[in-house]
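Colleague: What follows is the residue order along each chain.
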Amino acid sequence: GENVEQHPSTLSVQEGDSAVIKCTYSDSASNYFPWYKQELGKRPQLIIDIRSNVGEKKDQRIAVTLNKTAKHFSLHITETQPEDSAVYFCAAKFNQAGTALIFGKGTTLSVSS
Amino acid sequence: NAGVTQTPKFRILKIGQSMTLQCTQDMNHNYMYWYRQDPGMGLKLIYYSVGAGITDKGEVPNGYNVSRSTTEDFPLRLELAAPSQTSVYFCASSRGFNSGSLAKNIQYFGAGTRLSVL
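Going down the list, the protein sequences come from chains X and L. The first sequence begins at 133 in this note's numbering and counts up by one. The second sequence begins at 142 in this note's numbering and counts up by one.
Hints are computed from structural coordinates only; laboratory data are not their basis. Each residue gets a CB set at the ideal place from its N, CA and C atoms; glycine is no exception. It is possible that some hints are incorrect.
To be verified - Derived pair list, reagent style DSSO-like, types lysine-lysine, alpha-carbon separation capped at 27 Å: (1) Lys245/L - Lys154/X; (2) Lys169/X - Lys200/X; (3) Lys190/X - Lys155/L.
As the list claims (entries may be wrong) - What follows is a set of in silico ranges between Cβ atoms, one per label pair, in the way DEER data are often shown: (4) Asp179/L - Pro140/X: 14 to 24 Å; (5) Ala161/X - Asp179/L: 19 to 29 Å; (6) Gly173/X - Leu259/L: 19 to 29 Å; (7) Ala161/X - Lys198/L: 16 to 26 Å; (8) Gln192/X - Asn239/L: 39 to 49 Å; (9) Thr161/L - Leu172/X: 22 to 32 Å; (10) Met182/L - Ala161/X: 40 to 50 Å; (11) Ser245/X - Thr211/L: 42 to 52 Å.
Construct the entire structure; sequences and hints are all you get.
Modeller: The structure is reproduced here in structure tokens:
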């Protein structure tokens, strides 16, 4: 069935380092890939998204890349700061699922100063 | 704007009881969603709606029902609660979906309802 795999499940970096989170998806017809950030005890918030007609998108320290051939997309955070510590979820829209998103299981990012 | 408001924040149910989780948004969004979040499992879509009078099943609809009689409200009904329905439930809304504009795609989440079924 439709599936989104997310790796790693936990990631620890030093402040100022870069962090990369990778996701793969099963449906080659998927065309929309958002990333959400959830701080402890808070609600998820969309931080960046990309559509299948674009290979890369950047917003300040955050970037997302998409490789449609390999069916994977990645979140890149540069110059990490302690406030980047949170759980990050990738998601993909599957063609059969209307406006529904399938989410990965999440990556817990810890940034230590 | 209050955004997306969910009630209640916490609830404990006994097995077999029923309840309705309320969700309302004041942003005039057409799209609304219900998710459940289990530890280490990400967000699973239960039901969604693309406008008043239109609802559709997500990944995990069994044991739940929804209705969308107005643009603002999207209640989630649990019939015959089971321990497997212990979870945190999030309601969300968005103006659009898969638009070229990030702003239209943003799903605004409510603060969540923590439900335990014992």
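Colleague: Which hint numbers does the structure go against, in order from smallest to largest?
Modeller: 3, 8 and 10
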